[in-house]
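Dock chains H, X and G against the given chain C, drawing on the hints supplied.
Each protein sequence line maps, in turn, to chains C, H, X and G. All you need for our numbering is the position in the first sequence, starting with 1, plus 1166. All you need for our numbering is the position in the second sequence, starting with 1, plus 1166. All you need for our numbering is the position in the third sequence, starting with 1, plus 1166. All you need for our numbering is the position in the fourth sequence, starting with 1, plus 1166.
Where hints are given, some of them may not hold.
Because identical chains share one entry, a pair is satisfied inside a single copy or across any pair of copies.
What the hints assert, rightly or not - With a straight-line Cα cutoff of 20 Å, these simulated SDA-like cross-link-like pairs (lysine to any residue) come out:
1. K1317 with D1183
2. K1238 with I1327
3. K1265 with L1297
4. K1319 with T1250
5. K1238 with P1299
6. K1319 with R1201
7. K1265 with V1229
8. K1168 with L1297
9. K1319 with E1184
10. K1265 with V1252
11. K1319 with C1237
12. K1168 with V1231
13. K1317 with G1186
14. K1317 with I1185
15. K1265 with E1184
16. K1238 with D1218
17. K1168 with T1190
18. K1265 with A1296
19. K1319 with A1228
20. K1265 with P1197
21. K1317 with R1201
22. K1317 with T1188
23. K1317 with D1181
Keep in mind the hints are simulated off the structure, nothing from the lab.
Number of protein chains: 4
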Amino acid sequence: MKIRVFVTGGTFDKDYDEIGGTLTFGDTHLPEMLRLGRCEVDVSVRTLMMVDSLAMTADDRAVIVRNCLTCKESRIVVTHGTDTMVETAAALAAGVPGKTIILTGAMVPYAFGSSDGLFNLGSALSFAQALPPGVYIAMNGRHFVWDRVRKNKDAGVFEEI
Amino acid sequence: MKIRVFVTGGTFDKDYDEIGGTLTFGDTHLPEMLRLGRCEVDVSVRTLMMVDSLAMTADDRAVIVRNCLTCKESRIVVTHGTDTMVETAAALAAGVPGKTIILTGAMVPYAFGSSDGLFNLGSALSFAQALPPGVYIAMNGRHFVWDRVRKNKDAGVFEEI
Amino acid sequence: MKIRVFVTGGTFDKDYDEIGGTLTFGDTHLPEMLRLGRCEVDVSVRTLMMVDSLAMTADDRAVIVRNCLTCKESRIVVTHGTDTMVETAAALAAGVPGKTIILTGAMVPYAFGSSDGLFNLGSALSFAQALPPGVYIAMNGRHFVWDRVRKNKDAGVFEEI
Amino acid sequence: MKIRVFVTGGTFDKDYDEIGGTLTFGDTHLPEMLRLGRCEVDVSVRTLMMVDSLAMTADDRAVIVRNCLTCKESRIVVTHGTDTMVETAAALAAGVPGKTIILTGAMVPYAFGSSDGLFNLGSALSFAQALPPGVYIAMNGRHFVWDRVRKNKDAGVFEEI
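Chain C on its own, in the form it takes in the complex:
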């Protein structure tokens, strides 16, 4: 079973820039994370963009939809910032029928010691293999159908609606 991973940025991939003292984007940590997880799933990773999801435009979403639509894999994981993950999930549900697409992310950057990123990646790859076609968000060990979930910004968790 082949899984395509599209990287779009988000907290997941934020790095600490030690010269500027700020959080920035460098290269994705996905390959390093797959190595750490001793992942033996047939995964191919492609970075589509590297943005904070609050800065994601309609054009950016169109790029994500087009890539999910045209790639040959029918099981896809999209790493994404949590703030507008639900919005991108809706765009994917409207534009990409018949595939299992899992959006995931992290509350704390992978590069931080206390990140939930590795847990979420293991979870997202597993749901991508086991769930029927549809668009889902996988966070906090749970999965949600795209139109029955919201981010609770006060608690920092995703919850069913």
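Chains H, X and G alone, transformed into the frame defined by chain C:
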């Protein structure tokens, strides 16, 4: 959806004993790992034993089977040493019908910086929610039906047979 | 030998705020770091402020000087942001005679996996025990007399002048 | 100021062998640790051996003494297992006059998340720069003259005698 986690030891939970300079078992790291993963699944953890799976006896396996059989949850994750994980999976398949049981573990102790444990835990909890009744091994981001898997001890990975 | 540690903030103690997605100050990591280092030096830690050193005022510096002057210990470590560490060192040199004072900090927050903080703390505590009275900056494994050092902001290291 | 680092093994450099499930020695972590500490001291590292200090022989100690004696640097750090660190310190005190030699190690392998190694390395390099000629042990943030220290094996710390 409620998931029961039974802890049995294995590499997953090995600690470094700084007085003796050896690897030992202390308390399980499961609660800490669930916290790190910001896990919001309704999970209840119970430690059944804390042993190296090479030292696991038929009696130990009977304890695991009995607990999986009698607990009220129908979705179960068992953390287990990798060396005899397949053997315990067979015992569970023979003794516990109608439940989704996922065995998982780690190649490197969670307490080590380079552990695959958090990835595997995210994976196992997700497969436990998404797969139909049966006994499975979840390692390396993959899942295997209990009687179609072996550990490749040279490569340190699980593979289909 | 007793060492006083005064905490003033800086990159050293920055945390990731997972709700806001920003870097903030929480409690100091000093006690946790001393525990990790199995530190057996007689150290007492006091937080004077928790600020980015670019935001440090003349009043803040007066507070640091007064505390170094009036505390009973003659060997002191001050954790401090790197951007104005040299300026505070000058204030301490002018205001606190006869004590060994070591300023140190970090280029990457301790809470990040890749921090230099623990290395710098081990270094600063050691220089505090071994150097004669004076005001020094301990960074990058080196020590500099307060008026013969500058931060090279492009390279992110301290260098002799 | 140039510092020579001689690596001899010990807990410091122990790794987890995920195939065998045991602690072993691979390559030294020193270069990685110096990079993490953003170390700008002029350090040259040479591995003399990679052994558990309980297995260290009189011949091994003779190799360490000879290397400390003949190297051109007068400031030296030796990484070493803690169990016989005091014994090697005595051999160095007898055989290498006029140099500042610091022995250091770790209670927990560097590769473990909870290691004291980075703290001890920062400490040892600093004492190597600041102390007068002599042979010292630097552990737990403290330094001890070679003939006034013992390892308290119950507490896992070094203490003055």
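Going through the hints against the structure:
1. Taking CA atoms no more than 20 Å apart as the test, K1317 paired with D1183 passes between copies only; the shortest distance there is 16 Å, against 28 Å inside one copy.
2. Neither within a single protomer nor between protomers do K1238 and I1327 lie at most 20 Å apart by alpha-carbon distance, with minima of 32 Å and 27 Å respectively.
3. In the homo-oligomer, the alpha carbons of K1265 and L1297 lie at most 20 Å apart both inside one protomer (10 Å) and across protomers (18 Å), since each shortest distance falls under that limit.
4. Proximity of K1319 to T1250 under the C-alpha cut-off of 20 Å is restricted to the intra-copy arrangement: shortest distance 11 Å within a copy versus 35 Å between copies.
5. Taking the shortest Cα distances, K1238 and P1299 sit within 20 Å of each other inside one copy (15 Å), while across copies they are farther apart (30 Å).
6. In the homo-oligomer, the alpha carbons of K1319 and R1201 lie at most 20 Å apart only across protomers (18 Å), although the nearest pairing inside one protomer, at 31 Å, exceeds that limit.
7. Proximity of K1265 to V1229 under the C-alpha cut-off of 20 Å is restricted to the intra-copy arrangement: shortest distance 17 Å within a copy versus 41 Å between copies.
8. Proximity of K1168 to L1297 under the C-alpha cut-off of 20 Å is found in both arrangements, the shortest distances being 14 Å within a copy and 18 Å between copies.
9. Within a single copy, K1319 and E1184 get their C-alpha atoms only as close as 28 Å, which misses the 20 Å cut-off; across copies the closest is 10 Å, which meets it.
10. In this assembly of identical chains, the alpha carbons of K1265 and V1252 lie at most 20 Å apart only when taken from the same copy (17 Å versus 32 Å across copies).
11. Taking CA atoms no more than 20 Å apart as the test, K1319 paired with C1237 passes in neither setting, with 33 Å inside one copy and 35 Å between copies.
12. When the C-alpha separation of K1168 and V1231 is checked against a cutoff of 20 Å, the pair qualifies only within one copy, where the shortest distance is 19 Å, while the shortest distance between copies is 34 Å.
13. In this homomeric assembly, K1317 and G1186 come within 20 Å of each other (Cα to Cα) only across copies, at 13 Å, whereas the closest approach inside a single copy is 30 Å.
14. Taking CA atoms no more than 20 Å apart as the test, K1317 paired with I1185 passes between copies only; the shortest distance there is 11 Å, against 33 Å inside one copy.
15. In this assembly of identical chains, the alpha carbons of K1265 and E1184 never lie at most 20 Å apart, being 41 Å within a copy and 31 Å across copies at closest.
16. For the identical chains of this complex, K1238 and D1218 are neighbours neither inside a copy (27 Å) nor across copies (43 Å), given an alpha-carbon limit of 20 Å.
17. Taking the shortest Cα distances, K1168 and T1190 never come within 20 Å of each other, neither inside one copy (31 Å) nor across copies (36 Å).
18. Both within a single protomer and between protomers do K1265 and A1296 lie at most 20 Å apart by alpha-carbon distance, with minima of 12 Å and 16 Å respectively.
19. In the homo-oligomer, the alpha carbons of K1319 and A1228 never lie at most 20 Å apart, since the shortest distance is 25 Å inside one protomer and 40 Å across protomers.
20. Taking identical chains as interchangeable, the C-alpha atoms of K1265 and P1197 are never at most 20 Å apart, the minima being 23 Å within one chain and 34 Å between chains.
21. For a Cα distance limit of 20 Å, the shortest separation of K1317 from R1201 across copies, 18 Å, qualifies, whereas the shortest one inside one copy, 29 Å, does not.
22. Taking identical chains as interchangeable, the C-alpha atoms of K1317 and T1188 lie at most 20 Å apart only when they sit on different chains, with a minimum of 18 Å there against 25 Å within one chain.
23. In this homomeric assembly, K1317 and D1181 never come within 20 Å of each other (Cα to Cα): the closest approach is 23 Å inside a single copy and 22 Å across copies.
Violated hints for the displayed structure, listed by number in ascending order: 2, 11, 15, 16, 17, 19, 20, 23.
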